[in-house]
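Participant: Since the structure of chain H is already known, use the hints to place chains A and Y on it.
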Amino acid sequence: MAKESAEIAAAGFERVEDAALLTGRGRFIDDLPVPALCVHAAILRSPHAHASLRSIDTSVARALPGVRAVITGDDYARIAAPLLVGVKIPIDCWPIARDKVRYAGEPVAVVLADTRYLAEDALDRVVVEYDTLEPVLDPMAALNAHTPQLHAGLSGNLGADRSFRYGDPESAFDAAERTVEITIRYPRNSCTPIETYAVVAEWDPYDEAFDVLANFQGPFSIHPVIARALNVPGNRLRLRTPEDSGGSFGVKQGVFPYIVLMAACARLAGRPVKWVEDRLEHLSASVSATNRVTTLRAAVKGEGRVTALDWDQVEDVGAYLRAPEPATLYRMHGNLCGAYDIANVAVRNRIVMTNKTPTGLNRGFGGPQVYFALERLMARIAHELSLDPVEVIRCNLISADAFPHRTASGATYDSGNYQFALETALARGGYHALLEARAAARAEGRLYGIGLAAAVEPSVSNMGYLSTALTPQERAKAGPKNGAQSAATIAIDPVGSVTVQLDSVPQGQGHRTVAAKVVADVFGLVPAQVRVFASMDTARDAWSIAAGNYASRFAAASAGAVKIAADRLRDRLARIAAAQSNARPEDIRFAGGRVFIDGNPEAGLAFSRVASAAHWAPATLPDGIGNPVRETAVWTAPELTAPTEADGINSSLCHAFIFDFCGVEIDPLTTEVRIDRYVTTHDCGTILHPGMVEGQIRGAFAHAVGAALYEEYAYDDAGAFLAGTFADYPVPTVHEIPELDILHICTPSPLTPLGAKGVGEGNCMSTPVCIANAVADALTPLCGWTDLTLPLTPGRLAALLGDEPPPPVEVATRPKAVGRGLTGEGEARVEAPPQAIWDILMDADQLAAIIPGAHGVRKLSPTRFLADVTLGVGPVKGRYRVEVALSDLDPPHGATLSGKANGALGSGEGTGYVTLKPEGESATVIGYSYEASLGGKVASVGGRLLDGAARIVIGQFFTALGHNAEGAPAAGGIRARLKALFGGAR
Amino acid sequence: MRRLSADETHMVRFRLNNEPVEGAAEPRTLLSDFLRHVLARTGTHVGCEHGVCGACTIRIDGTMARACMTLAVQVEGAEITTIEGLAPEPGRLSVLQAAFRKHHALQCGFCTAGILMSLDTLLQAEPEADEGRIRDVLSGHLCRCTGYRQILDAAVEAARELRKETLHA
Amino acid sequence: MKPAPFDYIRVDTLDEAADVLAQSADDARVLAGGQSLMAMMNMRLAQPAIIIDILHAAGSRRPEIAKGRLRISALVRQEALSTHVGLEQEVPLLAQAAPWIGHIQTRMRGTVCGSVAHADPSAELPLVLVALDGQVHLKSRRKRRTVPAQEFFLGMMMTEKADDELIEAVDVPLTPAGTGTAFREVGRRKGDFAIVSCGAVVQGTTTRLAVGGVNDTPAVADWENLAPADVAEALNALAWSLDARDDMHASARYRRDLVRRLGETTIREARSCAD
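Chains as they are written, first to last, in our numbering: chain H, 114 to 1099; chain A, 1142 to 1310; chain Y, 44 to 318.
Please note that the accuracy of each hint is not assured.
Think about it this way: if two alpha-carbon atoms lie no more than 20 Å apart in a straight line, the pair counts; the simulated DMTMM-like pairs of lysine to aspartate or glutamate are [as the list claims (entries may be wrong)]:
| # | chain 1 | residue 1 | chain 2 | residue 2 |
| --- | --- | --- | --- | --- |
| 1 | H | 990 | Y | 206 |
| 2 | H | 990 | Y | 203 |
| 3 | H | 990 | Y | 207 |
| 4 | H | 1013 | H | 852 |
| 5 | H | 1013 | H | 1034 |
| 6 | Y | 233 | H | 852 |
| 7 | H | 990 | Y | 69 |
| 8 | H | 990 | Y | 70 |
| 9 | Y | 233 | A | 1272 |
| 10 | Y | 233 | A | 1277 |
| 11 | H | 990 | Y | 163 |
| 12 | H | 1030 | H | 1001 |
Hint data in this document are derived by calculation from the structure and do not stem from the laboratory.
Extracted from the complex, chain H is given alone in its bound form (with noise of 0.2 Å):
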């Protein structure tokens, strides 16, 4: 099989796909009309990491122009039914929150309406009353018993604790001659495609269908999650993707949750709906990666060799175990030896809950987790062992002529020759010269490192790989899982002219140009007569659970696919040319548009009269020939299957090898890493398309240098999601790429029809330790070893750096902020004695006139009220319901006022200290300082500014209370408030 792939690889021919995607004839979800009577959605979602969810009051909203229903979670209930889970845990996910939300952007209600914008203007209207709980985000912190938990059915946020051993570890350790050991936090973030989710749904009501288009990449295995959770059989839920879909890296699977949610809200409503999501709510909400706590300890010999690994791994999957979790964690599940021989595994996997959003599938999927503990490793065993880590790398890799290989954890690598990868890329990529540059650099004191990173990129995964999760008998249960199907649909019409259905769902891979090349040279065409479609529709196409775009699949499986149905079409044709010119069907050609006999090119006939044979004159062809017009091929590798009673799962059927090592310098002035070489050696089997490959090479890449140096899905201590904007998410430009060398090997899988194995993850996976890799080497000079956490900021390298220069004397700096998110302090003189200033702070009405903005107050107590504020600062202004209560009373020096704030914006809460101390016999210092939290959209949107903003709102508040104090009224001008504030604060 391997042999053929030779002809296929072509020197770059040009997409199908372009013309109209450069011509704005693209399709996107959002470009195509929609049903008629289509209402659009807005979410309205929780500000709140962790809070009940009292009470929700829909009627203002619902009474606005335009609006055509508001549902909640209680309207969602009544007609469908919460995700499944991958792993039976007592917890329930649902894609709208009911009595509690568990993260900051949970949906909690839908606002449907004649568009966008009125549906936004209602979502303003809904008003929500929360009961605010204390958040867990850390995952080992979740694992303690006397954090929050997060579902009542679950004791504890731990949805499962799984070991395994393969080999024997103990002995291993036992006899090695050194541990080496390394803990590391891989923080949360997302390939964020450039298009959102979209999803348009209908119910019929006669029907009892749903029909529904969205932008979904597969696993079509989620269609029986969907058609569950609305209360419908799998025929009763036509799944649609539209042509084109704006990229998607594994983010696109999560779109379910909102596939279930909108065609709920089209049933309850009885009108089509559609929803486009906007880039606060992908950012906050959609999905993300895992972040992990993983500590990794080796086994290892004197010269580096590893003879035992012991992965222990915490993987926080946010808020909901949801499907397809804890997908994340068993994919790798086969790989966790990386390219290493090592024959002695022990795992020990744990998944916690926290209060953050639910993950999913994100390019390299569970790869950079994996390889970011792995290739860490050794380069600390490197360093422990005074060992050129190159080295380490080397004696440890999977010799050439061990393929197949049986990993310990149970994956079979098909093909490969790691050492040949490597010598390659430091002969080829100029390694010697990189050593030679580091040595440069330092002897002129420059901060310069090498970094070096092998991975074993998974591909087509087996569909069985997470039910590794459950015991062996747990799965002997619930049946067999295995296998990774691929389905391919090619068809000759009356003409002549060649059609072909893909089952996967592309987002720009060129699938249907590289489909169309791999049909033409079978049947000796040229591509432009073969068309490709590659949207699905689960009523029409064949499709199986395995259908879709991930895990690199296409070119291994799905292009597979599609070989063997042209294969057995010409095989057909052959026998019916054959019967017709008294030949064998082995001696028959097809080149150049004809079919002929061999070495009779000019005689024979024209490819398409012999291929329309079968429409027009059937009784013509050979007996029992099958179809020659239509065949529709299933493909499945025999490699994938269930996991083992010992747990060993091949998790993947192909395993492409990468090798990358760079140099880099961290800038003397501004401490930010810039990269100076960059050389990524790839194995990836037979290439179908040099050009697209290359895409995929430097997409991967520039995905990687985006998580290893800028990118972060950061939370503050409340839980409140702050990278909500694509300023405060700063994906890579053009400017933050560094020039890639890429180098080539070729191992062909034997286990594919074309030989090819998938490409567009490795990077992913090995990208990013390598740049770390190369930053702790650079540091290692001035710091010796350094642990290192993406990403690497040059805020985070500032401090690895060496004290700074203290302040001098006559300065006063602010003592060091304690406590969670914004703090500050300040003063306000006034000329007023504290008792008059007590009495303005113990009558609420008197407050309530000075807080800021604030019109209609309701005390609750006499140390209680509400009152309704308008807060802002600059343009930037909302509407807030704020409660405030005074506490620890001491009375005229001191007391505690605590308030909560909620609206449209976002909530806060916060506590404020204030003291009053005499000055003279008339005068008082107010001090205050306060501690405070916001969360909800002016977090995630403003992040930056909110220090600013609250050191303001809070100084105006001081200032009106001094100014009601001296009896002065609060005027006088802004500049002059400001003015007082600020001349008094520190």
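Facilitator: Okay, now just chains A and Y, sitting in the frame of chain H:
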């Protein structure tokens, strides 16, 4: 002075790709939504609605502009070019578009229209633009698929081709 | 993310804009280039009831020299300023800062006065205005007044401009011959808001450093006869005196580091081109 009230729609008229167009818009209707859903020119895409990703970039009166940061009512009387106006005629590609295809400068194509509009505007105004200038213009766009290298190669080659064409013209 | 409803007024003169502001004060906002305001409106952080579009009004769209100052009116876009022929000689600090303002696409639409009115603590134009002792010319229906730049910026996104005023123009003095200037900025990516920005002006015996991105408003320090050996200590004192804070993009420590190092580089560069 012209005052348009919030709760009514108003006719907006301008020239789009060398043709007169008109449609009804509220004052708050974003130009991106107006182009896509009122005028059915869906080639301009929306990626962020806060002016960073650049997918919605078009040309207004000769300048690059983010359609998501522009109100439809602001462009009354303006001269606007979008991606649909770049090809010389149906079935043919411009030099820039053809260079993109040749160099595999697009994968999903969602960010492409905005990038083409920025580059087309640049190369019309500055035919001598070098790679550094092209990079600066390109840095106003986010692409998650390509890693930018192939886009740069396409733009540099297109600039060279266009200069040659002008020389020979 | 769609804005809340508003009335739209397209004025033909800045006088008309002032009239509208006089009537509607804190419910109306001027829309110039829209690059700051539109993002806030799309996110509904800002919800003005009235938008006044001034960009079709009569007035100069190019910077102009008048009475020894470079005058930039409300209609001048950032790109028109940065491509102004002669800027490097007339006001070199502006020419040095201009490429750092956003991206070409946002400079083509955004206006100079719009950025000044917005008063983002990390913005380049307010910083340069303060460093050069610029002036802000405010106009309301009742009167005109001029505010020195150093008194104009009061806090984060808060300025001396009253709700019924608009910025008619800003100006800066033409830079005297022999003055050395330099500008440097560090952000997460090129074109992002500044984590720290530094503008240095060296004239005769005076060294001035303006620092943006740390305090809520541009901070300015002036030194007389600052010897090269004393620069480090002076910058360290400056760094610690500013209100550096931690946020998701940078730590307080890193901001101080940048004030020290970027400040040193900028001062050195400014000195090297001073006479």
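Participant: Look at each hint and say if it fits the structure.
Facilitator: Evaluated hints:
| no. | hint | result |
| --- | --- | --- |
| 1 | H/990 with Y/206 | 14 Å, holds |
| 2 | H/990 with Y/203 | 18 Å, holds |
| 3 | H/990 with Y/207 | 17 Å, holds |
| 4 | H/1013 with H/852 | 50 Å, violated |
| 5 | H/1013 with H/1034 | 35 Å, violated |
| 6 | Y/233 with H/852 | 17 Å, holds |
| 7 | H/990 with Y/69 | 11 Å, holds |
| 8 | H/990 with Y/70 | 11 Å, holds |
| 9 | Y/233 with A/1272 | 16 Å, holds |
| 10 | Y/233 with A/1277 | 9 Å, holds |
| 11 | H/990 with Y/163 | 16 Å, holds |
| 12 | H/1030 with H/1001 | 17 Å, holds |
Violation of the numbered hints given earlier is confined to hints 4, 5; the remaining hints are satisfied by the structure.
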